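Enquirer: Spelled out from the first residue to the last, the chains are:
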Amino acid sequence: MNVAAVEVEGLEVRLGRHVALEAIEFRLEENGFLAILGPNGAGKSTLIRVLLGLQPPHAGSARIFGRPAGKNPAHEVGYIPQIKTLDRQFPALPLELVVSGIRGSWPWFIRRAEREQAMEALAIAGMDRKLGTPLGQLSGGELQRVYLARSFVRQPRLLLLDEPATGMDALGEADMYRLLENYRARHNATILMITHDWDVARHHASHVLLLNRRQTGFGPAGEVLAGDALRRAYGHVGHAHPMTVEEAGHD
Amino acid sequence: MIEMLQSGFMQRAFLGGIMVAYLAGFFGVFVVQRGLSFLGNGLAHAAFGGVALGILLQREPLWIAVPFTVVVALGIVWLTEKTRLGADTSIGIFFSVSMALGIIFLSQTERFTTDAFAYLFGSILAVRWSDIYVTAVLVALSVGAWRWWGSWAYATFDRELAQSDRVACLRGDYVLAVAIAVTIVVSMKLVGITLIAAFLVIPAATARLLSATFRAMTLISVGIGVGSVLIGLVFSWQYDLPSGPCVILTQAAAFALAFAARTLRAG
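So the sequence lines, in the order shown, correspond to chains W and F. Taking this note's numbering, the leading residue of the first sequence gets 8, the next gets one more, and so forth. Taking this note's numbering, the leading residue of the second sequence gets 6, the next gets one more, and so forth.
No wet-lab data here; the hints were simulated from the structure. All figures in this text were calculated on a predicted structure; none of them were measured in a lab. Cβ atoms here follow ideal geometry from the backbone N, Cα and C, with glycine treated the same way. Misleading hints may appear alongside valid ones.
Residues on chain F that point at chain W, a partial pick, calculated with CB under 7 angstroms [stated by the list, open to error]:
1. Q63
2. T114
3. E115
4. F126
5. A158
6. Y159
7. R164
8. Q168
9. S169
10. R171
11. S216
12. A217
13. F219
14. M222
15. P250
Here are the simulated BS3-like pairs of lysine-lysine, each with C-alpha atoms no more than 30 angstroms apart in a straight line [as the list claims (entries may be wrong)]:
16. K91/W to K87/F
17. K137/W to K78/W
18. K91/W to K78/W
19. K78/W to K87/F
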């Protein structure tokens, strides 16, 4: 059997006395696109932290390309955090943020080779015209593109994204998913993305993981989103709401 | 002017001042950008506890204040990490305990007024060649701190992103806290415990107003720190005023100019 891009077995995470995640178990093959859905406080970001090696599990395991999360080479993973957590007061330019993705530290000097690499990634993300604009003055969508460039430049095998569409307009969002899909196809990359948008999950993800501290569903997107798992994840177990686009009568 | 430069204590003041301004300007950018301005105040008061203990034990206060302040700095980082209390709360606790200890130590000695005042408010006359040598050694050691600049800056920008790249952020916090503690102790005699926090904050805050990158902020912070010491000490000599306040007011003037320039540029 091939080594999975991400393999999680019996994962349990406790934050003090609070059980943030329990009984999480899934396997995502290379080149998969997993959308992680669940209500606020469901443990979605905690799962990403486990995969980054920032949060040790209380029980079970999480492996990235066969190695325990956090023990795999850092360059194997490209992480795009929620942009709302960014410190906009930090004086920085897009080029520096992208080069930090190459180096794994903040650059004092930028070497020519690094600059060329970073410029190429910024051009792919459509941000090569705003090189001189401080990060604090970029819009949410522009900032997200810089983060995308930062991830692409290290050519990771796995991309982890935490609500990447926050602060983006519809056009920017569509463009971002196009960039992600292109990268995935070209580099045979695997994508794990937290989202609140079920339509995005349906259209882009190969698999969906439904969380509400426990795993309420995992499998191919079409199957999971069509079933009852969504209601269980969002706590609507007693009565039915139109949970899918088709049910609601839209296209 | 020539008379000033020929004077032994002014030579020591200039040399010492330039060195501590360099240290404070360099580390100050992390203090300001991480929102730790209160750390400077907290550690300065911890240094006061160390000085008071030195006076009580009739030992060179600097040699007692350095380990005392370093232990407090490590304690602040440790308590913040272990309890997840805000850094300002941890600082507040250690700050009060150190002050309380300092006051008790001083109450047990009779010669505190002269010695302690030199440390509290700073005095050019109090700076000796031995202080200059100690500061020079620390400046030499701090050259190694440039190696940490990249990881400190990265963790300052986004701690989680840095950790995901395997940057040892907590170890970096401890090293940075020790470096800031030592900077504060060696700055005591020239600037005074009561004003030392400004040394860490004002040049870096001024640099922040003028910089688009963190590298520029670091260089400008060091430049403003050193420039303010030179100008402030000349004022201090010229008008026979205390050195610490003269330097701080010069720094404040630089901040006001930077603020005005930025406001004019923006609007």
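Enquirer: So which of those numbered hints doesn't the model satisfy?
Expert: Per hint list: 1, 2, 3, 4, 7, 15, 17 violated.
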